[in-house]
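Chemist: Spelled out, the chains give:
Protein chains: 2
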Amino acid sequence: MGVIYSREQISEIIENTDPLDIINSIEKGFIAYSNGKVVVPPVGEMIFKAPPGESHIKYGYIIGDDHYVIKIASGFYENHTLGIPTNSGLVLVFSQKTGQLTGILLDEGDLTNVRTAAAGAVVARVMAPEKVNCIGIFGAGFQGRMQLEFLKSVVDCKDVIVWGVNREELDDYQKVMALQGFRVQTTMDAGQVAENCNLIVTATPSQKPLLKADQILAGTHITAMGSDTSEKQELDSQILGLADIVVSDSIDQSQQRGEIFHARNAGILDDSKVVELGILIEDTTLQRTSDKQITIADLTGVAVQDIQISKMITRHHSD
Amino acid sequence: MGVIYSREQISEIIENTDPLDIINSIEKGFIAYSNGKVVVPPVGEMIFKAPPGESHIKYGYIIGDDHYVIKIASGFYENHTLGIPTNSGLVLVFSQKTGQLTGILLDEGDLTNVRTAAAGAVVARVMAPEKVNCIGIFGAGFQGRMQLEFLKSVVDCKDVIVWGVNREELDDYQKVMALQGFRVQTTMDAGQVAENCNLIVTATPSQKPLLKADQILAGTHITAMGSDTSEKQELDSQILGLADIVVSDSIDQSQQRGEIFHARNAGILDDSKVVELGILIEDTTLQRTSDKQITIADLTGVAVQDIQISKMITRHHSD
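Note that the protein sequences, when read in sequence, are chains L and S.
By this note's numbering, the letter at position 273 of the first sequence is numbered 253, and the numbering carries on one by one without gaps.
By this note's numbering, the letter at position 73 of the second sequence is numbered 53, and the numbering carries on one by one without gaps.
Take the hints with a grain of salt, since some may be wrong.
Same chains, same label: a pair holds when it works inside one copy or across any pair of copies.
In the DSSO-like style, the derived pairs of lysine-lysine whose C-alpha atoms are separated by at most 30 Å in a straight line are [said to hold, decoys possible]:
#: 1; residue 1: K29; residue 2: K8
#: 2; residue 1: K77; residue 2: K29
#: 3; residue 1: K272; residue 2: K138
#: 4; residue 1: K77; residue 2: K212
#: 5; residue 1: K212; residue 2: K253
#: 6; residue 1: K212; residue 2: K188
#: 7; residue 1: K17; residue 2: K29
What the hints contain is simulated information worked out from the structure, not anything from laboratory work.
Fair warning: this is a prediction, and the values are worked out from it, not measured in the lab.
Chain L on its own, in the form it takes in the complex (with noise of 0.2 Å):
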C-alpha cells in the first residue's frame, strides 16, 4: 500500500517529464481553484520552542478528482549547528475514491520549487508581451534558476538579465544557466533591469521594494513571485497602481500577503482590479490587449499548485 518515492526518483521522474506537462497541470490547478473547485482546509501547525521550529500541514483535493494530497513542511531554525538543512518535507497522496495511500513523496520540499517555478510559466505563456525582448530575473538563487527553466518552454527569448546582491552567485548563474543556452548578463542594478526587460521575474526573499513605479517601461509584464508573507515586498506599490492589469493566484490569501496586500494597504490599489489568475486564464477578454499595457501578476502559492504537482509523480502509478 503506497509506494514510496526517493527525493531521488523524485527528480528523476520530473526531469524526465516535459516541463509543458507540468505548466499545463499547474495552471488547470490555478482554473479550478478559481472556479471553486478546490478544497483546502486551514493550514495545521505546530510551533516548537525549544529549539525553535515549525511544522506546517497543509492538505486539500479538487472535488471529483483521483487523488487528495497532504504535505508535511517543517523548519528548525538551528538545524544548521547540526549540519542538517533547515527545511524538510514530505507529501502524501491518497485516493479520493478508496482513502487508501497512493504515494509517499519523500520530496524534502523539492516539489515545492518546481511547482513555484511551473507557476511563472504559466503566467508568462498567459501574461507576458507577444515579443519578449529580454528576460529580467531577480534572485540568483536557486528558484531564480528554476524560474529561468521553466520559461524556457513558454517564452521564445534567450537573452537574460539577472539581478542578484552576490557577485559569486551572479557568476554562478550566469554559467549554469549559459549550459541551457541563454545569453545572461548580471547586475547589481535594478534599473538596469528595468530598462531591458519587458518581462521580469522577482524571486528574492526581500523586505523592501527592489523595482520603483519610474524604472517601469510601457509594455512590461512583472511576476512577484517572492512575497508570500506579510513582511516581505519586492514591488513598490505605485507600480501596481499604474499596472493596467493585477493578476492574484488567489485573491483570498491577498488580504493577508504579497504585493497586493502591501498596494492594498497604502491605499494605491482598488480591489475591482485584480482578477485572478485561474479567471483570468479563461477569459481572454480579461488578458493584455496591447504590448504597451503594463501587467503584474502577485502569486503567493496557493495549494492547488502542491496537489497537481505531487499527482504527477504518482500519476503512473494505479492505486
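Chain L is already provided as a structure; the job is to place chain S on it using the hints.
Modeler: Showing chain S alone in chain L's frame:
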C-alpha cells in the same frame, strides 16, 4: 530519512513488547495531558461525497518531548464493494529537535486498537476494586478481545463473562481467550454480566444503553470505551448519577461526546463530580476508598495515546 514500518513489522514490535511498557507509556501520556503538557491542535478534516468518505489528520506532541506525531486516518464507506477495508491509515513520527522524519508507520489503524486497549488497563489499574471476582466484557469483537488481553497484565482474575449479539462471535471469543488462560462464559443477557462482574468494560458501537442503573452492584467499576461520538451510548445515564467516582480521559471532549456528555445533557451528572484520568492517577486522594464504591471511567480517546504508542514503535531508532 525516516524508517518505514510495515503493518507486519508493527505487529511484531507490539507482540515483542511487554504490555506493561505500553500501559505505562499510555499512563504517562494521560498524566502529561491532564497537566497541560500536550499540544493537540484541532483535527484536520476532509469530507468526500462521491464516493462517500472522510479523512482525518490528528497531530500533536508532549512539550519538551523528543518527537511529534501526525496520524492520518480515513474511512470510505463503499470500499466493501471493492473488497477493500473501509478504514485505512498511517502515522508519521518526527523529531521535535530537528523536524526530520523519524518513522512512517503503515499501521492501517492497528495502533489505535492497541492504544485503546492499553487505556482500559491504565484505568483498571487505578480504578478497579482490589479484588476482581469476574471480568465482564461487552462486545465480542476485536477490541473486546484486546481489552481482555491488556487487562491480563494488571488484573489478577481469569474469570470472564462476555456479552455479545452474535452467537458465532461469542463462541470464537470464548475459544480464542481460553487459549490465553481465561475461563470465559458467554451471554446475550446484560444482567448476567452486571450480577456477576465487578470490573466491566464496554466496547461496543451501541447507540442505546446496554446497562441499567438498578443492575449495577456496589463495588463495581465500569470502563465505557465504545461511545466516542455524540450518538453512541453504552450506559444508562443514571449509572453516572449514582457513581461515587466519574472519570473522563478528557474533560474537554466530554463536553461533546461519550457517556458523560449524555449524563450532563440529561441533568443527571454535575460537572464538579468529573475527574480527569491523568489527575486521578497522580492524586491518590481522589481514588477509590472502599470496595463498595461504584466507579465509572468514560474514555473517548485522546491524541496523546496515539503519540505515546507511535513513539514506542520508533523508539529503537535514533534520529
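Chemist: At most 30 Å between C-alpha atoms: does K29 with K8 qualify within a copy, between copies, both, or neither?
Modeler: between (39 Å within a copy, 22 Å between copies)
Chemist: With 30 Å as the alpha-carbon cut-off, assign the pair K17 and K29 to within, between, both or neither.
Modeler: between (37 Å within a copy, 13 Å between copies)
Chemist: Evaluate K77 and K212 at a C-alpha cut-off of 30 Å and name the case that applies: within, between, both or neither.
Modeler: The answer is between: 27 Å across copies meets 30 Å, while 40 Å in one copy does not.
Chemist: At most 30 Å between C-alpha atoms: does K77 with K29 qualify within a copy, between copies, both, or neither?
Modeler: Classified as between; 10 Å across copies, 39 Å inside a copy.
Chemist: Quick one: K212 to K253, C-alpha cut-off 30 Å, is that within a copy, between copies, both, or neither?
Modeler: Cα proximity of K212 and K253: one copy only (22 Å, versus 52 Å across).
Chemist: What label fits K272 with K138 when the C-alpha limit is 30 Å: within, between, both, or neither?
Modeler: within (22 Å within a copy, 88 Å between copies)
Chemist: State whether the alpha carbon distance between K212 and K188 is at most 30 Å within one copy, between copies, both, or neither.
Modeler: So K212 and K188 pass the 30 Å test inside one copy only (7 Å; across, 57 Å).
Every hint, counting from the list given before, is met by this structure.
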